[in-house]
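Residue numbers (the working numbering), protein chains in the order written: chain Z, 16 to 477; chain G, 71 to 247.
Treat the hints with caution; some may be incorrect.
[To be verified] Straight-line C-alpha distance at most 25 Å; calculated SDA-like pairs for lysine to any residue:
id, chain 1, residue 1, chain 2, residue 2
1, Z, Lys323, G, Thr247
2, G, Lys197, G, His230
3, G, Lys240, Z, Ser251
If you're looking for bench data, these hints aren't it; they were derived computationally from the structure.
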Amino acid sequence: MNIDSKTQRTLNKFIPQLESMSKFGIAFLVILILIFFAGVYALYVQLTEGHIVTGMRDQVVWGLFIVNFIFFIGISYAGALISGILHLLRVPWRSPIIRMAEIITVVSTIIGPTYILLCVGRLDRVHHLLLFGRIQSPITWDVIAITTYLSGSIIFLYLATIRDFALLRDNPVKVARWRNWFYKVLSMGYSETPKQKEILARATDLLSIVIIPLAILVHSVLAWIFGMTLRPGWHSTIFAPYFVVAAVYSGTGVLILAMWVFRKVYKLESYITKIHFNYLGYILVMLGALYGYFTFSEYLTSWYGSIKWDMEVLHRLFDPSDYWWWFFFAAFIGVLLPIIIVTVPRFRNINSIAFASLIAVFALWVKRYLIIIPTLEAPLLPNHDLRPEFIHYSPTWVEWTLTVSGVGMFFLMFFLISKFIPIIPVMKISEEKDYNSLRKKVKERNLRRLMKQVRKSDTVNG
Amino acid sequence: MRYAMAIDTRKCVGCSDCVVACQTENNVPIGYCRDWIVETVAGTYPNVEIELRSERCNHCDNSPCVRCCPTGASHYEEGGIVTVHHNECIGCGACIQSCPYDARYSHPEGYVDKCTFCLHRVEKGQKPACVSVCPTKCMYFGDLDDPNSEVSVVMRNRNHKVLAPEAGTKPHIFYLT
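Just chain G, with the same shape it has in the complex (with noise of 0.2 Å):
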């Protein structure tokens, strides 16, 4: 089992619902979020391309964060999902550091936080909240491991890229173009 999310950067519109969801469903305090809108604009006008991404934690197979946690609170969970146990965490924040995504976020509480993937949604056999409210269903979430997925098949019919892949990280949300 290999969990991953594909996200269609043509069919988003940046409306910022999936980081109110997230914020909603996982409590996460006001000021601090642990998925953001990026508008990337290439070209010049009048020829100006806009990307919409919604970006979160990659929940990479080879992750920094995971590598350079020095009590494991930082972990891989069932499914390659990458998780911070909040009662283990000292909060050195040598993790928020080593990641390329500036995924972390240091909680006020003192511990550092992230994306779940909804991982209490997703044990229930859910979906994510940013995914699920998505009002354009631009995001896909699955099984990589099972061909007949959603995220499966619509990486299977479509381009789709990766942030930041000269990191070496193996990042698992893609970027559907």
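Same shape as in the complex, but just chain Z (with noise of 0.2 Å):
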């Protein structure tokens, strides 16, 4: 394909941050290679000794596996929700961030799922999931769904990728041998002729109408596997809502976070400017204030009904003792904060958007873990002789070895395909006006019309 002088000059910018990597990216590398290796470490002592070496016991059944997995899920939103509504309604400012939301989408449902594998008991033999699988389990239900979920959201990534590929495999500066095999492949044969465009175009958006409401029933499934059960805190009608909202949040803030660190280490400050930044923030309050108007009716709800069992688990979160300042800052810090720092002008900057969502998503994690603990440690039959030494959860080593392990695993991930594919999709940048420019001529423009002026009636008056 033909390759003007604006795309090359854009794709030149591009190059070498595919290429070479600098001595801070080797030592990231080899940072996260080693988070890695520890976390086969404890994976290879949890297997080995069983699950005794965590801290899930005959109460808590679920623990730092589940939270990560509903966590990592949630973020998965980024791509689904923010850039398929995005790409649905059109949002001119969305180019230079479309790409990152839809890789964190690919890379944390990698990752969410296998937490899941984690958490079962007998790893041999999830192909039952498979061969025996049975349609009333919510279990069934949330297998398919994120298996449809994750190969819609690889398909989508791929779509909005396919002309970059090509780009790439044109681009007539060289690079190395391997690359150039993989773009040859990857870009299908794709040679931008006028048919093809029209037919990437259409599928594009086809994909971004069925993922989205595909991104919202996965996180329903995974809502209603806690949802079904008749447990205090989690038997509640609002959960999917509630869940799909926070996901969303959390997604968001982490599409920040991303823009925000991208914007640092690759310079693309000319690209992702602060419009993108408020734009997004503004996103995040909104989600924010959703969110916790859905807490807030939630425990509102069980509060006033005051359902003995559902009241033994709301003591558990106000009990300064127990759960309270987490459940404060999840519930009140977590909303609260990006609020007042994206609303009111004068704390509004690119840092403290980034800081926001950088609360808001520990919030979120931290809520996470309130919905599955303290439930479970909450028996429906309050009659066991449990003592809180029986019951109580506190995670292990090995789980949170595994913990770090999986954010390094999404870290690293996103640190390999940013080398290589663009962070930001070339063709369409520099398909689009530069609006930086623009803005420059417009002002330009004003300021000469308004010097006429001014000399017109210096004329006059003179």
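Using the hints, build the complex out of the two chains.
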């Protein structure tokens, strides 16, 4: 395909990012690989000695692994909902951030379900889910939903990248041989003919329509695994929408953080501007408010109804010697701080919005912990002579290591993908008008007009 | 045929013989149990009443655990007994969460385990281990569909209750009060 000079110029800016790695980058990579191997060691310990090395016991059988699972599936919303909706609405500023969102989706949808595998008691029998799967079990729904979602989001990312693959393949600047081979295979003969372009646009539109309900469904099903049981604190009708909102909230937060990091590391200041942070900050505020509303509604109803077992969980959450400070962080700080930072113009800048997102993401992780653990620590029939030391859950080093390792894997995969495809859709960017230079032109024109008027009035008066 | 158990809370002395018998009979790993004793105290001194119950899986008609099992390892046996195929269970833990009686536990081998009403004994015409060792004979086991079975007779003549009826599980362990 023909590469015009503007596209070539844009591409040339991105080639060094793809090909070279700074000292800092190599150090980062080494640390990530070390973290990964720490996780492998923890997994080895868990597989050889059994789940006894985790903190999960008779009462609390779902622990940190399930928390991480919900968390990662939650942040995968960034791509599905944010990029899907922005794409469908043809939001003009979406282009530079849309690929990051899609990569977040794919990477976290790969990492999330691995935590389920870690949690399952008999890893060697996981294929039974497929062999003997029964459709009335929410677990089976989850398996179906997540595999569909993962394949959907991989295709979505791929379709959105295919033009860049073609561009990189036809790029006259020399790149490594293996890269060229990959780009050639992955671009599948795409050469930007009008017909190909039309088909691609239609497929992307179609997929972004499909991916939105799919994403909502995935997290609803995930919520139903909990909501369908009779456990206090789980058995709630609003659980599905509550999970969806919390997920988009954390997904947006992670997207903002990714934007902040890549903007700094890859020097993308001219592409990812304050506008992006502000607009995504507004979305974050809206979602934060929604999440706060759902939280309020959830706890108000169970407190007012005051069923004995619901109250037991609530007392734990509001007891300063138990979970209160975590709950305070997750339900109050995690909602109010991002809202205050973004809505008050004096506090609002790129760094503070990134900080607000960091708080939101951490708060949402804690919130997931508070959904799972206190409920399991409060049994439905409270008369089993359960002393606190029997039921109290505290994660062991194996669980923490695997958690950190999962986060490290997220960074590692993100980092490697960003070394393989440009983190910003080059074709799309160079197609669009350069808003920065346009703005400059308008400013200049206005200035000239003003000068003319001044001169005119001078001559009239003079 | 519908197996059920009736336990006389007035006769039970809470000796835990049923627990030990079950652990021995079914080779339950140390630290775990398929049945257990619960002691609830009602009222305030001096009008205090203690209720002793030997609790286990309720072998419900409408079992949330069988409903949510993704592989079909949890299933109904002949006579409504709920059991787990140990070699099909993947240990996901969904059933443990769904059981309102907390009757299930995660076996150290990774699968989920629970009371089977001693199916292997019942098939031979024997009574479950817990019933046969009870020193006060406070447990009755049998077929509810047979009007002359031990359990049917005792339930006709005594007041009885089930645990967590609000869960809608239709449990089949009855406590005679």
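Quick rundown of the hints versus the structure:
no., hint, in the structure
1, Z:Lys323 - G:Thr247, "23 Å, holds"
2, G:Lys197 - G:His230, "21 Å, holds"
3, G:Lys240 - Z:Ser251, "22 Å, holds"
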